[in-house]
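Chemist: The lines below spell out each chain.
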Amino acid sequence: MYKTEQWELNKNLAQMLKGGVIMDVTNPEQAKIAEEAGAVAVMALERVPSDIRKQGGVARMSDPKMIKEIQAAVSIPVMAKARIGHIAEAQILEALKIDYIDESEVLTPADDMYHLDKTQFKVPFVCGARNIGEALRRIGEGASMIRTKGEAGTGNVVEAVRHMRAMQSEIKRLTTMGHEELMTYAKDNGAPFELVEYVAENGKLPVVNFAAGGIATPADAALMMQLGSEGVFVGSGIFKSSNPKVMARAIVKATAYYNQPEILAEVSEGLGEAMKGIEISEIAPENLMAQRGW
Amino acid sequence: MSALEKIGANRLIVKTAADLDKIDALIIPGGESTTVSRLLNIFGMTEPIRKRIKDGMPVWGTCAGMILLAKNVLGGEPCLGVMDVTVRRNAYGRQTESFKSSAVIPEISEAPVPLVFIRAPWVESVGGNVKILCEINGHIAAVRENNMLATAFHPELTSSTAALEYFLRRI
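Listed in order, the protein sequences are those of chains A and B. Residues 298 to 591 in our numbering are what the first sequence spells out, letter by letter. Residues 672 to 842 in our numbering are what the second sequence spells out, letter by letter.
Hints in this document: simulated from the structure, not taken from any laboratory. Quick caveat: nothing in here was measured; it's all calculated off a predicted structure. Quick reminder that beta carbons are idealized off the backbone N, C-alpha and C, glycines included. Among the clues, some could well be false.
[Stated by the list, open to error] Quick list of simulated restraints, FRET-style, between CB atoms:
(1) Y411(A) / G746(B): 34 to 42 Å
(2) D690(B) / Q465(A): 24 to 32 Å
(3) E781(B) / A385(A): 46 to 54 Å
(4) E366(A) / S673(B): 35 to 43 Å
(5) I842(B) / E579(A): 55 to 63 Å
(6) L745(B) / N556(A): 30 to 38 Å
(7) D692(B) / T473(A): 34 to 42 Å
(8) S773(B) / E576(A): 52 to 60 Å
[As the list claims (entries may be wrong)] Here are the simulated EDC-like cross-link-like pairs (lysine to aspartate or glutamate), alpha carbons at most 16 Å apart as the crow flies:
(9) K419(A) / E391(A)
(10) K542(A) / E566(A)
(11) K501(A) / E491(A)
(12) K771(B) / E305(A)
(13) K686(B) / E718(B)
(14) K394(A) / E768(B)
(15) K771(B) / E302(A)
(16) K365(A) / E343(A)
(17) K725(B) / E768(B)
(18) K742(B) / E718(B)
(19) K573(A) / D348(A)
(20) K725(B) / D695(B)
(21) K742(B) / D755(B)
(22) K677(B) / E836(B)
(23) K686(B) / D348(A)
(24) K419(A) / E768(B)
(25) K329(A) / E366(A)
(26) K308(A) / E768(B)
So here's chain A without its partners, still in its complex pose (with noise of 0.2 Å):
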């Protein structure tokens, strides 16, 4: 049950991620530069989302050796991607000793029909949704952190703020819903009902909410703060734009102080090429990695 005295104290981690940036690393040497530039912790892998997207094939989880080395590299807590509903890749990050999994829709799903029962690790998860009954359901099966979806390795960030305003709008809608209305909503959004019960009380998740897929710029996250994200993984925008450390410093800045348009001005100069984007409608549907999981 998520109710746990394990699950509190990994939402409670999660806390301590607020306001900060999440960046993607592929090496020892990029995570040096990701904590160096003030990233709240890392993700390790072996392929950004923009390569995965380009080669093509089936992305699977990061090689062991490839997160030690990464895990010996900085003091950050470090995250790791398993496939969906993929037991076995989970187990062997958890006997790693990873900080946090991320059951990540930019690796080819294990499982079409069930995602991981995150209940049975003592390690917290992260997962990717749309939408507040995909929050939800993933908060049922026991994460302790969300994140938007977006679309992974496009640069291109529409996707989530659609998914970072589809949530929040839900959220102001149910705090002005009557107790009578909730089982209701609850049914037609494929969500707990104890959770859209939390929801409904509290006005927000009952565990942090981050914004990924598609954040490029200070601006991009800046401007995922101001809709509501408590912090910001960046994926590719950093590795993949023309000056990394420069990439990655302003962005931590931009997050820190998305609602302070001179610092945002001042961060966001001579940065040099930002990750060349992708258009969503030039994606074919069934590449889109948002609509993998439900």
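Given the coordinates of chain A, work out where chain B should sit on it, guided by the hints.
Modeler: This is chain B only, laid out in the frame that chain A set:
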């Protein structure tokens, strides 16, 4: 912040050096100590905060905040370096070793206080003027030195306001 609101204290989130002039006491909450200390440096806040603390402003660091206050940090670098303690970062291990406990801390409250340890540090040794307030499983978890209070646990993650009220009494 909501705990401060609950007990009716005036409060402000300090984000810039200018904000420091508006406060009487400072709480440095949990977070990633490496990240927070880098941001303090990048935004030129390390020195102004250090100066205020040396001038006697009451300060309380929880978890990462404790690490920022310490003069010596094992497994990391000192940041503010104002408190005469040696602290070990991530002393208990990674997240799977995080835990919850409770204890009576006489100086804070007669009733047991809930304690949440998240990738927590512990205090390895203390200087002559530092008072040890609490030990958990043989490791020092709370200390005070004049105007400085440091706890390895996170009262801000529990509904108990005992430690907060203790801190405010001392302002």
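Chemist: Each hint: holds or not?
Modeler: Cross-check of the supplied hints:
1. Separated by about 39 Å at the C-beta atoms, Y411(A) and G746(B) satisfy the suggested range of 34 to 42 Å.
2. Range check, D690(B) to Q465(A): Cβ separation about 27 Å, and the 24 to 32 Å hint holds.
3. With their beta carbons about 50 Å apart, E781(B) and A385(A) fall inside the hinted range of 46 to 54 Å.
4. Separation of E366(A) from S673(B) is about 40 Å and conforms to the stated range, judged on CB atoms against 35 to 43 Å.
5. The supplied range of 55 to 63 Å is met by I842(B) and E579(A), whose beta-carbon atoms lie about 59 Å from each other.
6. A C-beta distance of roughly 37 Å is found between L745(B) and N556(A), which places it inside the suggested range of 30 to 38 Å.
7. Between D692(B) and T473(A), the C-beta spacing of about 40 Å keeps the proposed range 34 to 42 Å intact.
8. At roughly 55 Å, the beta-carbon separation of S773(B) and E576(A) lies within the given 52 to 60 Å, and the hint holds.
9. The hinted pair formed by K419(A) and E391(A) meets the criterion: a straight-line CA distance of about 8 Å does not exceed 16 Å.
10. As the CA atoms of K542(A) and E566(A) are separated by approximately 14 Å, the hinted pair is consistent with the 16 Å bound.
11. Restraint check for K501(A) and E491(A): satisfied, since their Cα atoms lie roughly 13 Å apart, inside the 16 Å limit.
12. Restraint check: the Cα-Cα separation between K771(B) and E305(A) comes to about 9 Å, which is no more than 16 Å; the hinted pair holds.
13. Under the criterion of a C-alpha separation no larger than 16 Å, the hint pairing K686(B) with E718(B) is consistent with the structure, at around 14 Å.
14. Annotation: proposed proximity of K394(A) to E768(B) holds, straight-line Cα distance about 10 Å (limit 16 Å).
15. Proposed proximity of K771(B) and E302(A) is supported: the alpha carbons are some 8 Å apart, at most 16 Å.
16. Proximity of K365(A) to E343(A) is assessed by CA-CA distance (about 12 Å); at most 16 Å being required, the pair is judged to hold.
17. Of the supplied pair hints, the one linking K725(B) and E768(B) is violated, its CA atoms being roughly 35 Å apart against a limit of 16 Å.
18. Between K742(B) and E718(B) the alpha-carbon distance is near 14 Å, which keeps this suggested pair within the 16 Å criterion.
19. The suggested pairing of K573(A) with D348(A) holds, with an alpha-carbon distance near 12 Å, which does not exceed 16 Å.
20. Under the criterion of a C-alpha separation no larger than 16 Å, the hint pairing K725(B) with D695(B) is consistent with the structure, at around 13 Å.
21. Restraint check: the Cα-Cα separation between K742(B) and D755(B) comes to about 6 Å, which is no more than 16 Å; the hinted pair holds.
22. With a CA separation close to 11 Å, the supplied pair K677(B) and E836(B) stays within the 16 Å bound.
23. Proposed proximity of K686(B) and D348(A) is contradicted: the alpha carbons are some 37 Å apart, above 16 Å.
24. For the hint pairing K419(A) with E768(B), the CA-to-CA distance comes to about 9 Å; that is within 16 Å, so the pair holds.
25. Between K329(A) and E366(A) the CA atoms are separated by roughly 11 Å; this keeps the pair inside 16 Å, and the hint holds.
26. Of the pairs offered as hints, the one joining K308(A) and E768(B) holds, with about 14 Å between alpha carbons and a cut-off of 16 Å not exceeded.
Of the hints listed earlier, those the structure fails to meet are numbers 17 and 23, in rising order.
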